[in-house]
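Asks: Below are the chains, spelled out letter by letter.
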Amino acid sequence: MSVDHATVRKIASLARIAVTDEQVEAMVPELNNILGWIEQLGEVDTSAVQPMTAVIPNHLRLRDDVVTDGDVRDAVLKNAPQAEQGFFTVPKVIE
Amino acid sequence: MTNLTDLGIAELRDGFRKGDFSARDAATAFNDAVAGAKALNAFIVETPDIALAAADQADKDRAAGTLKPLSGVPIGMKDLFATKGVQTTAASHILEGFTPQYESTVSGKLWDAGAGMLGKLNLDQFAMGSSNETSYFGNVISPWRRNTGDTAALAPGGSSGGTSAAIAARIVPGATGTDTGGSIRQPAAFTGISGIKPTYGRCSRWGIVAFASSLDQAGPMARDVRDCAILLENMAGFDPKDSTSLDLPVPNWEAALSTDLKGKRVGIPKEYRVDGMPAEIDALWEQGIAWLKDAGAEIVDVSLPHTKYALPAYYIIAPAEASSNLARYDGVRYGLRDLPDGANLQDMYAATRAAGFGDEVKRRILIGTYVLSAGFYDAYYTQAQKVRTLIARDFDLAWEKCDLLLTPTAPSAAFGLGEKSDDPLAMYLNDVFTVPTSLAGLPAMSVPGGLDAQGLPLGLQIIGKALDEQTVLNAGLAIEERAGFTARPDKWW
Numbered sequence: 001m002s003v004d005h006a007t008v009r010k011i012a013s014l015a016r017i018a019v020t021d022e023q024v025e026a027m028v029p030e031l032n033n034i035l036g037w038i039e040q041l042g043e044v045d046t047s048a049v050q051p052m053t054a055v056i057p058n059h060l061r062l063r064d065d066v067v068t069d070g071d072v073r074d075a076v077l078k079n080a081p082q083a084e085q086g087f088f089t090v091p092k093v094i095e
Numbered sequence: 096m097t098n099l100t101d102l103g104i105a106e107l108r109d110g111f112r113k114g115d116f117s118a119r120d121a122a123t124a125f126n127d128a129v130a131g132a133k134a135l136n137a138f139i140v141e142t143p144d145i146a147l148a149a150a151d152q153a154d155k156d157r158a159a160g161t162l163k164p165l166s167g168v169p170i171g172m173k174d175l176f177a178t179k180g181v182q183t184t185a186a187s188h189i190l191e192g193f194t195p196q197y198e199s200t201v202s203g204k205l206w207d208a209g210a211g212m213l214g215k216l217n218l219d220q221f222a223m224g225s226s227n228e229t230s231y232f233g234n235v236i237s238p239w240r241r242n243t244g245d246t247a248a249l250a251p252g253g254s255s256g257g258t259s260a261a262i263a264a265r266i267v268p269g270a271t272g273t274d275t276g277g278s279i280r281q282p283a284a285f286t287g288i289s290g291i292k293p294t295y296g297r298c299s300r301w302g303i304v305a306f307a308s309s310l311d312q313a314g315p316m317a318r319d320v321r322d323c324a325i326l327l328e329n330m331a332g333f334d335p336k337d338s339t340s341l342d343l344p345v346p347n348w349e350a351a352l353s354t355d356l357k358g359k360r361v362g363i364p365k366e367y368r369v370d371g372m373p374a375e376i377d378a379l380w381e382q383g384i385a386w387l388k389d390a391g392a393e394i395v396d397v398s399l400p401h402t403k404y405a406l407p408a409y410y411i412i413a414p415a416e417a418s419s420n421l422a423r424y425d426g427v428r429y430g431l432r433d434l435p436d437g438a439n440l441q442d443m444y445a446a447t448r449a450a451g452f453g454d455e456v457k458r459r460i461l462i463g464t465y466v467l468s469a470g471f472y473d474a475y476y477t478q479a480q481k482v483r484t485l486i487a488r489d490f491d492l493a494w495e496k497c498d499l500l501l502t503p504t505a506p507s508a509a510f511g512l513g514e515k516s517d518d519p520l521a522m523y524l525n526d527v528f529t530v531p532t533s534l535a536g537l538p539a540m541s542v543p544g545g546l547d548a549q550g551l552p553l554g555l556q557i558i559g560k561a562l563d564e565q566t567v568l569n570a571g572l573a574i575e576e577r578a579g580f581t582a583r584p585d586k587w588w
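Protein chains in written order, with the working numbering: chain B, 1 to 95; chain P, 96 to 588.
Some clues are possibly wrong.
Unchecked claim - With a cut-off of at most 27 Å between alpha-carbon atoms, the simulated DSS-like pairs for lysine-lysine come out as follows:
# : chain 1 : residue 1 : chain 2 : residue 2
1 : P       : K515      : P       : K403
2 : P       : K336      : B       : K78
3 : P       : K365      : P       : K336
4 : B       : K78       : P       : K179
5 : P       : K359      : P       : K388
6 : P       : K336      : P       : K163
7 : B       : K10       : P       : K457
8 : P       : K357      : P       : K388
9 : P       : K179      : P       : K359
Simulated from the structure, these hints should not be mistaken for lab results. For clarity, every value in this text was computed on a predicted model and none was experimentally measured.
One chain only, chain B, in its complex shape:
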């Protein structure tokens, strides 16, 4: 499988990364080179194999359903590019 210009634009849009025409032009052969190389995985017969879920056997722990954190609003907002009145602010999303 290989990607064309339209596919690169689409995945860049899905990944929310703005790209210029020149960047798309450069990325198409670069990504195809990498994708062509990983294609060799198709050679491996995995019909009787389960996909890996955990490398080291472990179990998911449950903890008591109690509040263990919180009351740190100002610390949470401390690194925000723009915060007002205790909230993150973003450009208007509805007209």
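Since the structure of chain B is provided, determine the placement of chain P on it from the hints.
Replies: Chain P in isolation, oriented as in the chain B frame:
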């Protein structure tokens, strides 16, 4: 008086305890060395005041008889660990200026153990790279140079390249690294130092900027094996804040160090004899085999048949996880925001991420997005995770015949900056010997074995069974004692 910067972790700890010098003297010596090594670009942020404050506390604790395991020892911290009140960037523009309001579990454990922080070490951006050429804050320059008279700048390896360069230059006695596909072991090999990636789950990932969560693992890098054991003891341990943290006691690795390998079987995987590998690396591997035999081990041939598929599987799994993990950088909660005139929220995300991520990071996010996208998920991601199962099974079968594996760490010595940076695939291939272990979550370490004809260090990799860091460290120490590696770069910086 000894030059304090010539001392390693154990020597600093023990010398300080005996009263040979104060912690302030040690911190001052290293602070000065850091300040005098700007040409290496090993640090993104220097924190001499934090190192001195920890030293003063250590001096007080010594007087009061309340010494901690790392009292008097200053270290470096890879800039992938969140450090409260100190900028943490993952060497990216998108996190430039980010000042965590919390401390990562691993760094917090080291400070609680009495260590002091000399600064935040440079790395490949988001730990994606093998040469430290993807940092937004510039390349790290290896302190090593070829002995051929040329002064070409060499790669310190990556992603923990600031860490490896700083230790090799003796401006820090030891430091933290993180390893996703070889980011502790390959830079250690390139710079003639030691580094261990423990079993996945030994060290908490909480507060470490995430790259590929099923692979990321913290570990120590230092001048020798004992120093790695000391640091690892103070980094590892159960953490309820990381769902993949292993709830197991931390062994006393340092106390149990032994170079007697009688009864241990060392496997030599035939698939690691790759085409085009320099003869010197092959020769060092043979030498390593002889050293382990001399330490009492039995050598057996083993096969890891899916080795050649490890790299392509890794370059699906790691970018897939990265594309998901790095979705958090949105210009809203922290880090960079790029808001073009009249932009809506979606435009802001795209502009912020275009401006904030470097080329290699974008490349991996795009690959990850593609392999996870509708219609391709099974062909790429599921297939890669199945191959990962087979790679882990290869190791399980090998453990029926042996207790540890010995391989070269990297297929080459350090290369020059710029030699591979235009060819992503050539760069990826440098991790051919380290990636399989990462995919299987096993402990592995690199120790220096010797120099090549150009005077550059070469490393040997020891891979162990899950949770058997002790055997890995012991074999590393057996090689260290026999290799007698004392070479160090001449100071030019």
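Asks: All hints are to be evaluated individually against the structure, with a verdict given for each.
Replies: Comparing the hints with the structure gives:
no., hint, result
1, K515/P / K403/P, "holds, 21 Å"
2, K336/P / K78/B, "holds, 22 Å"
3, K365/P / K336/P, "violated, 40 Å"
4, K78/B / K179/P, "holds, 12 Å"
5, K359/P / K388/P, "holds, 10 Å"
6, K336/P / K163/P, "holds, 24 Å"
7, K10/B / K457/P, "holds, 14 Å"
8, K357/P / K388/P, "holds, 9 Å"
9, K179/P / K359/P, "violated, 44 Å"
Violated hints, in rising order: 3, 9; the structure is consistent with all others.
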